[in-house]
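Enquirer: Knowing the structure of chain A, use the given hints to seat chain B on it.
Protein chains: 2
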Amino acid sequence: MHLDRAADMPLYQQVAAHLRARILDGALPAGSRLLGSREIARELGCSRAIVLTALELLYAEGYLVSVPRGGVKVAALARKAAPDAPSPAPGIEPARLSHRWRSVLAIDYAFDLASPFSTGTPDIADFPFDTWARLLRQAWRNAPRSACTDMSPLGWQPLREATAEFLGTVRGLLCRPEEVVITPASSGALDLCCRMLIDPGDEVWVEEPGFIEARWALQAAGARLVPVPVDGKGLVVAEGIRRAPRAKLAVVTPSHQFPLGVAMSLDRRLELLDWAQRQGSTVIEDDYNSEFRQRDSMAASLKSLDRAGHVVYLGTFSKVMLPSLRIGYLVASPAFIDVFGRGRARIDVHTAGTAQPALAEFLREGHLLRYLRRMRLVYAARKQAVLDAVQALLPGELDIVPSEAGLHVTGLFTPRLAARLTDTEASARSRAVSNFIQPLSQCFLGTPDRQGLVIGFGRLPVEDAHPRLAAVADALRATGSGQSGGPGAGAARRGR
Amino acid sequence: MHLDRAADMPLYQQVAAHLRARILDGALPAGSRLLGSREIARELGCSRAIVLTALELLYAEGYLVSVPRGGVKVAALARKAAPDAPSPAPGIEPARLSHRWRSVLAIDYAFDLASPFSTGTPDIADFPFDTWARLLRQAWRNAPRSACTDMSPLGWQPLREATAEFLGTVRGLLCRPEEVVITPASSGALDLCCRMLIDPGDEVWVEEPGFIEARWALQAAGARLVPVPVDGKGLVVAEGIRRAPRAKLAVVTPSHQFPLGVAMSLDRRLELLDWAQRQGSTVIEDDYNSEFRQRDSMAASLKSLDRAGHVVYLGTFSKVMLPSLRIGYLVASPAFIDVFGRGRARIDVHTAGTAQPALAEFLREGHLLRYLRRMRLVYAARKQAVLDAVQALLPGELDIVPSEAGLHVTGLFTPRLAARLTDTEASARSRAVSNFIQPLSQCFLGTPDRQGLVIGFGRLPVEDAHPRLAAVADALRATGSGQSGGPGAGAARRGR
Chain A
1 MHLDRAADMP LYQQVAAHLR ARILDGALPA GSRLLGSREI ARELGCSRAI
51 VLTALELLYA EGYLVSVPRG GVKVAALARK AAPDAPSPAP GIEPARLSHR
101 WRSVLAIDYA FDLASPFSTG TPDIADFPFD TWARLLRQAW RNAPRSACTD
151 MSPLGWQPLR EATAEFLGTV RGLLCRPEEV VITPASSGAL DLCCRMLIDP
201 GDEVWVEEPG FIEARWALQA AGARLVPVPV DGKGLVVAEG IRRAPRAKLA
251 VVTPSHQFPL GVAMSLDRRL ELLDWAQRQG STVIEDDYNS EFRQRDSMAA
301 SLKSLDRAGH VVYLGTFSKV MLPSLRIGYL VASPAFIDVF GRGRARIDVH
351 TAGTAQPALA EFLREGHLLR YLRRMRLVYA ARKQAVLDAV QALLPGELDI
401 VPSEAGLHVT GLFTPRLAAR LTDTEASARS RAVSNFIQPL SQCFLGTPDR
451 QGLVIGFGRL PVEDAHPRLA AVADALRATG SGQSGGPGAG AARRGR
Chain B
1 MHLDRAADMP LYQQVAAHLR ARILDGALPA GSRLLGSREI ARELGCSRAI
51 VLTALELLYA EGYLVSVPRG GVKVAALARK AAPDAPSPAP GIEPARLSHR
101 WRSVLAIDYA FDLASPFSTG TPDIADFPFD TWARLLRQAW RNAPRSACTD
151 MSPLGWQPLR EATAEFLGTV RGLLCRPEEV VITPASSGAL DLCCRMLIDP
201 GDEVWVEEPG FIEARWALQA AGARLVPVPV DGKGLVVAEG IRRAPRAKLA
251 VVTPSHQFPL GVAMSLDRRL ELLDWAQRQG STVIEDDYNS EFRQRDSMAA
301 SLKSLDRAGH VVYLGTFSKV MLPSLRIGYL VASPAFIDVF GRGRARIDVH
351 TAGTAQPALA EFLREGHLLR YLRRMRLVYA ARKQAVLDAV QALLPGELDI
401 VPSEAGLHVT GLFTPRLAAR LTDTEASARS RAVSNFIQPL SQCFLGTPDR
451 QGLVIGFGRL PVEDAHPRLA AVADALRATG SGQSGGPGAG AARRGR
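Here the protein sequences come in this chain order: A and B. When we follow our numbering, the leftmost residue of the first sequence carries the number 1, and every step to the right adds one. When we follow our numbering, the leftmost residue of the second sequence carries the number 1, and every step to the right adds one.
Note that these hints are calculated values from the structure, not bench results. Some hints here could point you the wrong way.
[Said to hold, decoys possible] Ranges between beta-carbon positions, derived for each pair: (1) 126(B) - 384(A): 55 to 63 angstroms; (2) 1(A) - 200(B): 43 to 51 angstroms; (3) 145(B) - 7(A): 41 to 49 angstroms; (4) 106(B) - 462(A): 25 to 33 angstroms; (5) 365(B) - 1(A): 24 to 32 angstroms; (6) 392(B) - 69(A): 51 to 59 angstroms; (7) 380(A) - 67(B): 55 to 63 angstroms; (8) 145(B) - 138(A): 22 to 30 angstroms; (9) 5(B) - 365(A): 49 to 57 angstroms; (10) 25(B) - 388(A): 42 to 50 angstroms; (11) 107(B) - 69(A): 52 to 60 angstroms; (12) 150(B) - 422(A): 47 to 55 angstroms; (13) 150(B) - 416(A): 47 to 55 angstroms; (14) 150(B) - 108(A): 16 to 24 angstroms.
Everything numeric in this text was worked out from a predicted model, so none of it was measured. Cβ coordinates follow ideal geometry from the N, Cα and C atoms, glycine included.
Okay, chain A solo, but in the shape it has when bound (with noise of 0.2 angstroms):
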């Protein structure tokens, strides 16, 4: 055997592990003695402290009997123990996932993350780091009590104050910090509405087409879903009571309805919140990445519009700051706040809080606001130019919906490109030219009834639009699938 100094592993530690491993091996059988404690510090190069400890840890462990005259033997085990594990180690086999997650992780879609039309990433180039160092530090040099020890399953509660000026400020939605839950970013929100509300087999209303990453949630919780399609105003309501009148939930996207981008309009939201109101359902608004709203004019959330309750409102702060952030937070009425309350305590106490009370001061100082302010303009930028590239470049072929919000744009395909291939063929063909795009077809539940390229810009640099998408384009004139197509035939249409 040979102790390694240099490991972390204390030198004790190493020679039980060494005498443990030799014992249940077989290599020490039960009954045989050990040599004395000196002979194996001499033969260790290892002072006999050392040893004795070992052997201490490993009589008080079981490993080893005391002999009446002194000195110890290996003890009598019950049973082997087990064989070393085969390689690979079979660990869990599939069949001892639960049915449920075993859905949930087959629900798989197309995307890439490091694609500069990638949706939803933000830019963190510009983020004030220093300012949210300073913040940390500041919060936890001289932390509070409150800060350390008892924060509430709800939220550090000037997290909770700061949210809701927030939220009074950026989306004009008046509410009360008592209204107010952080949670784990917005799909950690979700989750937990969706453990607590749903039981299996309850119907549940989603968009068609809508966000693939809300339904793994729900599956989950063992919703059955209801997709309810998605036309120029909005969610079809009056086809969601057709579907499933009794719906236990609806999840909706009315500010910029993903990925389509419309807004829903005042007579849908209307009759959302009076189905709800009838039925005792349930309203998820998710109002993602509204706080990139292009004009101040964007339409009041659904939130603001429920008086009797029913609306439960999730946001994240990781999109408007740092993705690895996870913070974000609920706004439901006060009833609701106290069962996610006293569910959160039993999954996980709350929210991570390290971030918490920085959040709050990062919030309090106006760094947010401002910050927001700086990145509204850059992707307005960014936006524009890719209207203007999918404009110069896809005449004809790409039908930009109008969107007033958020870090992507959807291109619905005309009859002519729509003639000439799918969007998943379409996808492929943009990942062949690294310029990665999702297909709109993948946001559907059932058949798709739509072709579109869901175009993320967060971290598309002005300057890049243009040629990028010429790629694209160049790749979905070319003949023959996933080829992109030789210069001439791209240098010859590019004019268009």
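Expert: Chain B only, in chain A's frame:
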């Protein structure tokens, strides 16, 4: 209407909110014509630009429509807005909470986090806040992109590495960074395991008596709990096999059983692993608070005996650092890691990222080891103070179960004390004298076969142990329930 210039909500939003409310409540009926923007501005005492922005917003939202020769009128809404909520808001009725979560929230037990005898609550007075604050600042001033946007669902790689090293040093647990997943503390880790592995109705062994909070995650996943008794050698594996031979999971605390404090014997450990391997079952080892061991010779973890990859090992940094941190880990074989990573990604993308890079440095620079070494001495002294006080104040009444780690001890009622009162009564009396101690019986799923008190000492100063336990001892000796006994009776008995 009164505009509040000090409010966070922009003025145009205030104007819009006011008009919106009047339209919805019928004060401005459909078809009515609004005053011109100049007149409204004059009436409100604000600029016309603000009114125009508000009107543009309401127009975009569909509250207003334009009239042929200029100006706007109130739109005809398809339906009336929901009436104002009655007070208090109905929000969620209990019936709308899922059945499973209703049962989870119904699991109740007596505790008092503010009590000096609260179990599992560490002392944070000596935590190196300055160092922690400095490392947080350092981590975020010049954060690498990998810490900001693309953090793995398995955790930040340097933290996985530092955790693997830490476990080698502190627990003699040899594992590779690839076998570590960073989780929202150990409750979040247990929740993840339960969600991903358990199908409704699956049997799970739980220790009897055991950790109440583990039942939450299990029941939330739909498990059928099978209580398996614990004796002086830990879990009675043979009894588990008799009661539920095909259980999917066993959740155990082998190092120092909660609440009894006993360590599982080697024979029982091998028996448990042998069963798990034969059945293809999974053993979850919750190695809570074993960092606070009192001797080097504390038994190795069950995981270190696990060659076939059936054990998932759970631990947390929250208890050894700051409870609000909510960062822990699980250690498991590669096939588990794969599904846990995919599951985490679909629940909340990854465990909150703000603390992870700083924590990696905190471990790497040895701050946690140094802090732990200091706190071990602090807690050892507190434990001894409790043992001495119990010995002096409740001789022949409370038998302390020997244990080697953790932040609590359990005292079993002797027949003499048990003849006089139940532990629930005893606990109520301790609460009445403001020194709440948990009753052992509430840790049983079935009928308790032992009575006792679970005495935490994490936040109990050494000098408080005797006077506070004296108050409890007096209360236990008083005749009649809930009374603390006259001073005379207390004084007369205190010397025993």
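Enquirer: Hint by hint, say whether it matches the structure.
Expert: To see whether the hints hold, each was checked on the structure:
Separated by about 56 angstroms at the C-beta atoms, residue 126(B) and residue 384(A) satisfy the suggested range of 55 to 63 angstroms. Here the CB-CB span from residue 1(A) to residue 200(B) is close to 49 angstroms, well matched to the stated 43 to 51 angstroms. The supplied range of 41 to 49 angstroms is broken by residue 145(B) and residue 7(A), whose beta-carbon atoms lie about 32 angstroms from each other. Between residue 106(B) and residue 462(A) the CB atoms are about 57 angstroms apart, so this pair departs from the stated range of 25 to 33 angstroms.
Look at residue 365(B) against residue 1(A): about 31 angstroms separates their beta carbons, and that is inside 24 to 32 angstroms. In this structure the supplied range 51 to 59 angstroms is violated for residue 392(B) paired with residue 69(A), their Cβ-Cβ distance being about 39 angstroms. Between residue 380(A) and residue 67(B) the beta carbon distance is about 32 angstroms. The supplied range of 55 to 63 angstroms is therefore violated. The given range of 22 to 30 angstroms is respected by residue 145(B) and residue 138(A), whose C-beta atoms sit roughly 25 angstroms from each other.
Taking 49 to 57 angstroms as the suggested C-beta distance range, the pair residue 5(B) and residue 365(A) does not conform, at roughly 20 angstroms. At roughly 44 angstroms, the beta-carbon separation of residue 25(B) and residue 388(A) lies within the given 42 to 50 angstroms, and the hint holds. Under the hint 52 to 60 angstroms, the C-beta atoms of residue 107(B) and residue 69(A), about 54 angstroms apart, fit the expected range. A beta carbon spacing of about 30 angstroms between residue 150(B) and residue 422(A) contradicts the range 47 to 55 angstroms that was offered as a hint.
For the pair residue 150(B) and residue 416(A), the supplied restraint of 47 to 55 angstroms is violated, since their beta-carbon distance comes to about 38 angstroms. For residue 150(B) paired with residue 108(A), a C-beta distance near 20 angstroms keeps the hint of 16 to 24 angstroms intact.
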